[in-house]
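**Q** The primary structure of each chain is shown beneath.
Number of protein chains: 2
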Amino acid sequence: MRSHKCGELNTQHLGQSVALCGWVHRRRDHGGVIFIDLRDRAGLVQVVFDPDAPESFSIAESVRSEYVLRIEGIVRDRPEGTHNSNMATGEIEVLGKSIEVLNESETPPFPIESEIEVNEEMRLRFRYIDLRRTEMQHKMKVRRDVTRNLRQFLDDKEFFEIETPYLTKATPEGARDYIVPSRTHPNAFFALPQSPQLYKQLLMVAGMERYYQVVRCFRDEDLRADRQPEFTQLDIETSFMNEQEIMAIMEQMIRRLFKDIIDVDLADPFPVMSYSEAMRRFGSDRPDLRIPLELVDIAEEMREVDFKVFSGPANDPHGRVVAMRLPEGGELSRKEIDDLTKFVGIYGAKGLAYIKVNDLAAGVEGLQSPIVKFAPDDVWAKVMAKVGAQNGDLIFFGADKAGVVNEAMGALRVKLGLDRGLLDGDWKPVWVIDFPMFAWDEKAQRYTAIHHPFTAPSCSIEELKADPGHALSRAYDLVLNGTEVGGGSIRINRTDMQQIVFAILGIGHDEAREKFGFLLDALKYGAPPHGGIAFGLDRLVMLMTGAHSIRDVIAFPKTQTAACPLFNAPAFVSEEQLKELGIKLRKPTGKDEKQN
Amino acid sequence: MRSHKCGELNTQHLGQSVALCGWVHRRRDHGGVIFIDLRDRAGLVQVVFDPDAPESFSIAESVRSEYVLRIEGIVRDRPEGTHNSNMATGEIEVLGKSIEVLNESETPPFPIESEIEVNEEMRLRFRYIDLRRTEMQHKMKVRRDVTRNLRQFLDDKEFFEIETPYLTKATPEGARDYIVPSRTHPNAFFALPQSPQLYKQLLMVAGMERYYQVVRCFRDEDLRADRQPEFTQLDIETSFMNEQEIMAIMEQMIRRLFKDIIDVDLADPFPVMSYSEAMRRFGSDRPDLRIPLELVDIAEEMREVDFKVFSGPANDPHGRVVAMRLPEGGELSRKEIDDLTKFVGIYGAKGLAYIKVNDLAAGVEGLQSPIVKFAPDDVWAKVMAKVGAQNGDLIFFGADKAGVVNEAMGALRVKLGLDRGLLDGDWKPVWVIDFPMFAWDEKAQRYTAIHHPFTAPSCSIEELKADPGHALSRAYDLVLNGTEVGGGSIRINRTDMQQIVFAILGIGHDEAREKFGFLLDALKYGAPPHGGIAFGLDRLVMLMTGAHSIRDVIAFPKTQTAACPLFNAPAFVSEEQLKELGIKLRKPTGKDEKQN
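Chains A and B, in that order, give the protein sequences.
Okay, so the first sequence: first residue is 1 according to the working numbering, each after it adds one.
Okay, so the second sequence: first residue is 1 according to the working numbering, each after it adds one.
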């Protein structure tokens, strides 16, 4: 139907007859001539119709925005002075000879322009219009390029892409499962996978050695934050490699990706940081290393002061007291500091103490804050030295249970860094390792897994049993600019170790058999040492395109209430269908179910 | 952990120190020396331990089948006369220096050998053992190679892989939907897609122009035949191409695939056959063209005969009378013919008439059959000439409603062709085109869509309205050796045409708005001419690997009752979970639901 794409025409095509298909991006009548900017996936080209060909001219006169046309014409140079350097095809135009309207269009609900102010519900409802915008076409293309680049790397390294089932059984990944009633097995349900974790481990037991899959995962979560009920993971597993080998090959893949797709040179090698260092310096296991601000522990200095807010946590083994220096923070207004106080309140902080550093040479006289009076001068001197204070700085303080301090001060650090543009470099990857195996859940009075129950500890069975709370895991997370883009670990490959971990997590023998009997069995038949990683593809593409939300890099995303305004899903189903599946509604809404 | 793979070692590595990881495939003690065949994904290699290194020797003595080992050693030539040409690594062996048991193994439930006699339930329950077999490793590798080859072709042609949602809304593809209760939208359900048909059409409206996706599809069907509740489709859609262009590029893709993966040259171009010709000559719209047998219409000859079984259908506008010549079929025994009679009975045929051609020169005297007496000699002479009978042949007859004759005689044709090895070539692709738009459902007294309701007719709106029963569609199916491997069509891209088709299918205005309002809307905003195709990936790989079932080319398939014996899915879920989803069981089975 067409000989060329609109966006690819240039001076090399001068004089050629071309057949083009595309959408009317704009139509202008000027000086008795009609200009149509015709758009296809490759871009725009200007087509000119003049009255010499009256039939085509009158059709051209009738077309409107977003009509679909097939045009035949000749590529010619644009007249002197009308070259358009904003357009890839701006040096040429097509003199239209014939024009065919392939389809008409009503006026779109919003214009097909890159910068639009339309609410997201509208954009999703008319996604087929929204996706025509250059910006969205670009994001879809980058997503395709990213996926293709990753696949090529893994294919070349002899990783086999292997598909795993979507109709499967619940595995504990920490979120709610989506479930699917079975028609053939009364009262039984499939679960949609939160990840293919156990399948990929079984593929290792099956001797597949190197596996990957670009795979959809499903989590029925509350969609605060930027999450989707279904999201895409680049899922990888390998046998006979230790964590150093896996991390090395994976960062090689990510470095190549960033170079090829957005021409960015990431650090080589990626820095590696222990969980404990990340928490200590940044209050987070997802540290944004672009931001040069750090938390500095001052519990030692505050233990003896006559200020309970500080000395309490300083003397509490579960407490933490930190200072964080904001260079030139002295310029912050009272109002700005109040807002920051509210901000840390979201994370449970009861307040936000601070000191303005007016004049270090003047000693404590040069420090401006109501809290200065609560501690002796030499304590403040030590604190100022420890944080490296300089005149004009603002020093923030956090003192509470360690969890609250880390969350609140970690978030404050990121907020200040981003809001004030204190970024030291554009792209800062870091591996975080040496995570604890377990966290103690005070409420439930039991251990929970920091990663998942299949993560191998870095200690022996005996050490694990003796002190689970201090055991570290062989997990590794890849963090980029404060976002966790990948997470993985070496897995347990021995039945006895797996059973101990289940026991520590309070999963009894019967429950373990019932839920994971197949895994415990599989580990008995020559399970090789294995480990892997999973990358969040949506999030990676979001970072690489500078998108504000993962919804912008997914062709047909769900809203924050897990609905699709385009298809109007989810929807009611018929009573007959429910009957066949052996289920019924707890509170039928009346006629709806019968109608639909 | 390892320097080389077992299966890749050869005489080029002579004298090199290597570190290998893998499974004990076999261990033999012979002449005071221990031989271990070590297996990894790449293959087998023989490792020798002699008593000179007592520590390693004693470990080697203790290992059993399927233990996982790490071995260091030196590659050396095998002694004269012990080269093994059945083994890729058969010219060398590894002299073991050290050995480490990475994991032990219990005795596997069945041996890791290519030819095994194990029931499929066992194979699926211990799939991680089953997949270790060379044959299964090969099938998984071919599947990976096929997928990769197809992706590369489409990537190079600038088709963009775009992911579409799995949590969506029911669309009418003719099978039951799997549904997923929504927690956040009371009483509403998502449906898992039977295909991404409407999403890909919307992507065309969105200007994506060339789309593909390797995508899972879900159909809750009764699993007779070789079907799976979830299966994989290579789904393709393109704008601004007509059916000839689409078929041309697709057969180019398939030809390349067969050449690259199994070194087969498929016909160029693929033959094209109309639906009516396929039904007439082969009784099927999926003709296996390897089989040289054909149905020959003889209604004209049988109209006047004094034999109701033939003359009835011959005079019925919905009837059909055919003959099919089986060369050298005269050798079939009475018992064999009885079995064939039973076979056509499955398809509704009330009997199977036949004539043995003993001696054509003898006229009707040379024809052996109880039916010969029912028609005059000249009729038989015409029939024999028409089918091209030769001495020694058997001529089968079918006479009934056309549907029954086509099904029964079409199936008989395939059975005879395969059973008797009457294959004319190994690979016979054919495009079947010019399908009817609609079939008349006698029971429901309404039209149903032969493909799906979005398929474009090859006639105008007016012609379609005037005579829907005779309208042909712009659909094309790719049939290979009697299996439909792909099916597609040009789609309707105008709202008015789509509404007429819905109306003919008995989908009223309100129902159409309710179910497909988004499509009817989308077609208003400049929907380009578009069409596409979908290939059944499982089936394609099955054909290419010569597997007997699609279950053999899926890593973790379901059984014929749609269950997974490995994970034991589907499974019961907790009462709390059902409560949260607003559903309950119609007939609770008692304690099960509470326990699980």
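It cannot be assumed that every hint is accurate.
[What the hints assert, rightly or not] Restricting the straight-line Cα-Cα distance to at most 30 Å, the calculated cross-link-like pairs of lysine-lysine (DSS-like) are: (1) K415(B) to K515(A); (2) K587(A) to K584(B); (3) K386(A) to K335(A); (4) K401(A) to K415(A); (5) K524(B) to K579(A); (6) K415(B) to K350(B); (7) K443(B) to K382(B); (8) K157(B) to K141(A); (9) K401(B) to K579(A); (10) K97(A) to K524(B); (11) K443(B) to K465(B); (12) K524(B) to K524(A); (13) K373(A) to K428(A); (14) K515(B) to K584(A); (15) K587(A) to K515(B); (16) K587(A) to K587(B); (17) K401(B) to K382(B); (18) K428(B) to K443(B); (19) K579(B) to K584(A).
[As the list claims (entries may be wrong)] Which residues of chain B face chain A? A partial, calculated answer using Cβ under 7 Å: (20) F57; (21) S58; (22) E66; (23) E106; (24) F110; (25) E113; (26) I116; (27) T168; (28) S182; (29) P271; (30) F307; (31) P565.
If you're looking for bench data, these hints aren't it; they were derived computationally from the structure.
Keep in mind it's a predicted model, so treat the numbers as computed, not measured.
Glycine included, every Cβ here is placed at the ideal spot set by N, Cα and C.
**Q** State for each hint whether it applies.
**A** Consistency of the hints with the structure:
The straight-line distance between the Cα atoms of K415(B) and K515(A) is roughly 46 Å, outside the 30 Å bound, and the hint therefore fails. At roughly 10 Å between alpha-carbon atoms, K587(A) and K584(B) fall within 30 Å of each other, so this suggested pair holds. With a C-alpha separation of about 28 Å, the suggested pairing of K386(A) with K335(A) holds against the 30 Å cut-off. Taking the CA atoms of K401(A) and K415(A), the gap is near 21 Å; set against the 30 Å cutoff, the hint holds.
Between K524(B) and K579(A), the direct Cα distance comes to roughly 38 Å. Violation of the 30 Å bound is thereby established for this hinted pair. A hinted pair counts as satisfied when its Cα atoms are at most 30 Å apart, and K415(B) with K350(B) qualifies at roughly 18 Å. Under the criterion of a C-alpha separation no larger than 30 Å, the hint pairing K443(B) with K382(B) is inconsistent with the structure, at around 38 Å. Only pairs whose Cα atoms come within 30 Å are accepted, and K157(B) paired with K141(A) is accepted, the gap being roughly 14 Å.
The straight-line distance between the Cα atoms of K401(B) and K579(A) is roughly 36 Å, outside the 30 Å bound, and the hint therefore fails. A threshold of 30 Å between alpha carbons decides the hint, and for K97(A) with K524(B) the separation of about 27 Å falls inside it, so the pair holds. Taken as a hint, the K443(B) and K465(B) pair is honoured in the structure, with Cα atoms around 22 Å apart against an allowance of 30 Å. For the proposed pair K524(B) and K524(A), the alpha carbon gap of about 61 Å is over 30 Å, so the pair is violated.
Between K373(A) and K428(A), the direct Cα distance comes to roughly 40 Å. Violation of the 30 Å bound is thereby established for this hinted pair. In summary, the hint linking K515(B) to K584(A) is supported, as the alpha carbons are separated by about 22 Å, within the 30 Å threshold. Proposed proximity of K587(A) and K515(B) is supported: the alpha carbons are some 24 Å apart, at most 30 Å. Taking the CA atoms of K587(A) and K587(B), the gap is about 17 Å. The hint holds against a cut of 30 Å.
Restraint check for K401(B) and K382(B): satisfied, since their Cα atoms lie roughly 23 Å apart, inside the 30 Å limit. With a C-alpha separation of about 36 Å, the suggested pair K428(B) and K443(B) falls outside the 30 Å cut-off, and the hint is violated. Simply put, K579(B) and K584(A) have alpha-carbon atoms about 11 Å apart, close enough for the 30 Å limit, and the pair holds. At a threshold of 7 Å, the smallest CB-CB gap from F57(B) to chain A is about 21 Å, leaving the interface hint violated.
For S58(B), the interface hint is violated, since its Cβ never comes within 7 Å of a Cβ in chain A; the closest pair sits about 20 Å apart. Proximity of E66(B) to chain A holds as hinted, the smallest CB-CB distance being about 4 Å (cut-off 7 Å). Because the smallest distance between the Cβ of E106(B) and any Cβ of chain A comes to about 5 Å, under 7 Å, the interface hint for this residue holds. The beta carbon of F110(B) is not positioned within 7 Å of any beta carbon in chain A (closest approach about 11 Å), and the interface hint is therefore violated.
Look at E113(B): its Cβ only gets to about 14 Å from chain A, farther than 7 Å, so that hint breaks. Interface hint status for I116(B): violated, as the beta-carbon distance to the closest one in chain A is roughly 15 Å, over 7 Å. Because the smallest distance between the Cβ of T168(B) and any Cβ of chain A comes to about 5 Å, under 7 Å, the interface hint for this residue holds. Of the supplied interface hints, the one on S182(B) holds, with its beta-carbon coming within about 4 Å of a beta-carbon of chain A, less than 7 Å.
With its C-beta approaching chain A no nearer than about 24 Å, P271(B) sits outside the 7 Å limit, and its interface hint is violated. With a least beta-carbon distance of about 47 Å to chain A, the hint placing F307(B) at the interface is violated under the 7 Å criterion. Interface restraint check: P565(B) against chain A, minimum CB-CB distance 9 Å, threshold 7 Å, status violated.
Violated hints, listed in ascending order, are 1, 5, 7, 9, 12, 13, 18, 20, 21, 24, 25, 26, 29, 30, 31; each of the other numbered hints is respected by the structure.
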